[in-house]
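Quick note, the sequences are listed as chains A and B, same order. Okay, so the first sequence: first residue is 235 according to my numbering, each after it adds one. Okay, so the second sequence: first residue is 235 according to my numbering, each after it adds one.
Please keep in mind that the hints were generated in silico from the structure rather than gathered at the bench. Note that CB positions come from ideal geometry on N, CA and C, so glycine has one too. Heads up, some of the hints might be wrong.
[Claimed, not checked] Pairs of lysine-lysine, BS3-like flavour, derived with a Cα cap of 25 Å:
hint, chain 1, residue 1, chain 2, residue 2
1, A, K513, B, K419
2, B, K513, A, K455
3, B, K470, B, K419
4, B, K470, A, K513
5, B, K580, A, K397
6, A, K329, B, K419
[What the hints assert, rightly or not] Away from chain A, derived, C-beta distances all over 12 Å, residues of chain B:
hint, residue
7, K364
8, A450
9, P451
Here is what each chain is made of, one letter per residue.
Protein chains: 2
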Amino acid sequence: MSTKLQNDLLLRAARLEPIERAPVWFMRQAGRYLPEYRAVRAKHSFLEMVRTPELAAEVTIQPVDLVGVDAAIIFSDILVVPEAMGMHLVVEEGKGGPRFPEPIRLYKQIKELNAGDPRKQLSYVTDAIKLTKERLNGRVPLIGFSGAPWTLFAYMVEGQGSKDFHIAKQMLFTRNEDAHLLLRKLSDVVAQYLIAQIEAGADIVQIFDTWAGVLAPDDFKEFSLEYIAEIVRLVKEHTQNRAPIIVFCKGANHSLGELAATGCDVVGLDWTIDIAEAKALIGNDVALQGNMDPAVLYTTESVIAEKVNTIAERMEEPRGHIFNLGHGITPEVDPANARAFVRAAKTAYDKVRAPRSV
Amino acid sequence: MSTKLQNDLLLRAARLEPIERAPVWFMRQAGRYLPEYRAVRAKHSFLEMVRTPELAAEVTIQPVDLVGVDAAIIFSDILVVPEAMGMHLVVEEGKGGPRFPEPIRLYKQIKELNAGDPRKQLSYVTDAIKLTKERLNGRVPLIGFSGAPWTLFAYMVEGQGSKDFHIAKQMLFTRNEDAHLLLRKLSDVVAQYLIAQIEAGADIVQIFDTWAGVLAPDDFKEFSLEYIAEIVRLVKEHTQNRAPIIVFCKGANHSLGELAATGCDVVGLDWTIDIAEAKALIGNDVALQGNMDPAVLYTTESVIAEKVNTIAERMEEPRGHIFNLGHGITPEVDPANARAFVRAAKTAYDKVRAPRSV
Chain A
235 MSTKLQNDLL LRAARLEPIE RAPVWFMRQA GRYLPEYRAV RAKHSFLEMV
285 RTPELAAEVT IQPVDLVGVD AAIIFSDILV VPEAMGMHLV VEEGKGGPRF
335 PEPIRLYKQI KELNAGDPRK QLSYVTDAIK LTKERLNGRV PLIGFSGAPW
385 TLFAYMVEGQ GSKDFHIAKQ MLFTRNEDAH LLLRKLSDVV AQYLIAQIEA
435 GADIVQIFDT WAGVLAPDDF KEFSLEYIAE IVRLVKEHTQ NRAPIIVFCK
485 GANHSLGELA ATGCDVVGLD WTIDIAEAKA LIGNDVALQG NMDPAVLYTT
535 ESVIAEKVNT IAERMEEPRG HIFNLGHGIT PEVDPANARA FVRAAKTAYD
585 KVRAPRSV
Chain B
235 MSTKLQNDLL LRAARLEPIE RAPVWFMRQA GRYLPEYRAV RAKHSFLEMV
285 RTPELAAEVT IQPVDLVGVD AAIIFSDILV VPEAMGMHLV VEEGKGGPRF
335 PEPIRLYKQI KELNAGDPRK QLSYVTDAIK LTKERLNGRV PLIGFSGAPW
385 TLFAYMVEGQ GSKDFHIAKQ MLFTRNEDAH LLLRKLSDVV AQYLIAQIEA
435 GADIVQIFDT WAGVLAPDDF KEFSLEYIAE IVRLVKEHTQ NRAPIIVFCK
485 GANHSLGELA ATGCDVVGLD WTIDIAEAKA LIGNDVALQG NMDPAVLYTT
535 ESVIAEKVNT IAERMEEPRG HIFNLGHGIT PEVDPANARA FVRAAKTAYD
585 KVRAPRSV
């Protein structure tokens, strides 16, 4: 269907196939820490960049050229999904994060949200994927993504980011049926959206549950995990399992075993668990991604290398391992340090002795 | 030494002694959710309230009268410690959180910080404790507190709150000796400060490590846990163990066993772990406090009771249990819901059957 990949390390790592070294990429790698991104951003608004395939493709490819990562991730935003469902999304320059001026609070609003296939409303994303695939010309895989239902729910009900998401949780705890109705609608749309991305050429997809960590374990299972599992099932079924799925639930280390059991291929880790412990909890049938404290990119080449090597030593072998941070790369990072991380990751397992017996 | 306590449930719970029911209090219970607090606050600045024993005592006692909690916690702020060490602390009305306009970045600044006994600079706190003890007249115990070294370090080096504390972590990762020098100074001061609070009449003290959760497990052990353990040791030694010590490291569920092993009496829990699992990890020799999602206070009396009862069921018996939220109570909470939580907590174990065998 498409050009053969020259570097398919990420896909082989996700499928637990033999790899000569572990691949590396960054969450939010097409971003403000790169002067070349800021140059594009200076001429266009954020949403204009998201909605214009030509611009999205340009910044998507930048880190492949500039930082040397083993994958591109399509430049977009998780909040395009609620927008496609009918919500008005506002991103005002220099006024904090994106917001929905009319948050979802009533049953009537939930009922009125579009729950159909979003590929018409989100054709700019699938077009951007097609264009990026063309431009990449097989150099590295392209990652598609979506926010997880709970994280989208949290933004849609609060109307914006929040310290404690207590308005969103109020709906979870006091209006259980409404909450599940909205989460169900979101799951259906997210599944269709990921399927559309894979059909457009995404080689692998990631589900981001950025706000998983604000939920207690029982609530996470009821309001997040259940829906992620359903999405994984639907996507695998409708795409004949042709693209691996990465699930990243930040702050949900209490449920790593259950996450691995969703049928996903890769579990993303934040940095608040030892990767050896995560591996012991999850077993050898699911790959692991991430685990580095993003603040390490504010240090020096030697500290970065040391911290990268520690993760490799604890992971013991590159099989089923994808280097990444435990959260998105932040705007103040020096690109030289991002490159140092990539260099260190590419050689980290050279330094690890033969696997110890466990 | 002081009036005999009429209600010493908190102290008996902390010491694992038999109790007829589990005590309940709230972190940040003297706060903006109470109209009576806001009435005092309308006439005085935050720092004026902190520094005036008469005002501090007044708002410290409010939740005992108004909410029915089983303990008072002295009204103060964790940032009085860096201020006592020589930093200029600014709290501007309506301008976000407190900040230090001259953050600690250089070795020279660390060297210049006062590291002696802070009881002269913080006599307003010990005076407030003495006055509050008088006013309480033995009704309930009084809790003293301090920020943990890492949390204080994070504010002092950043100069204010932060999303990722990358400037503070930069010092941890690249200037290890400077970081340990500052943490060592902070530990000495915090230990002396807690000893002074106990000598002034605090019946029990809590160490708050609000930002524990931003550190990876290894970093938490090196830069936080080690110093907390030293503080616990020093305080116990200098006060003949007469006041129990609660340690609350938010987001450090990866290290609960190690926290319990510091010699503290109570481990505080956030809401991202099942309390039964925490009990299994920690064992029966240390009491447990907290574990409720603070957002539950935005629901209804019946939801609150249900969630309180679930914690009691999982804890199985009141021995060694202190009801609390997993973080501070927030300003928008309806005081009626705080009272509902207290009522539910006071009867929760009535509904739990005889302990199951484990």
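Unsatisfied constraints (hint numbers, rising): Hints 1, 4, 5, 6, 8, 9 contradicted; others consistent.
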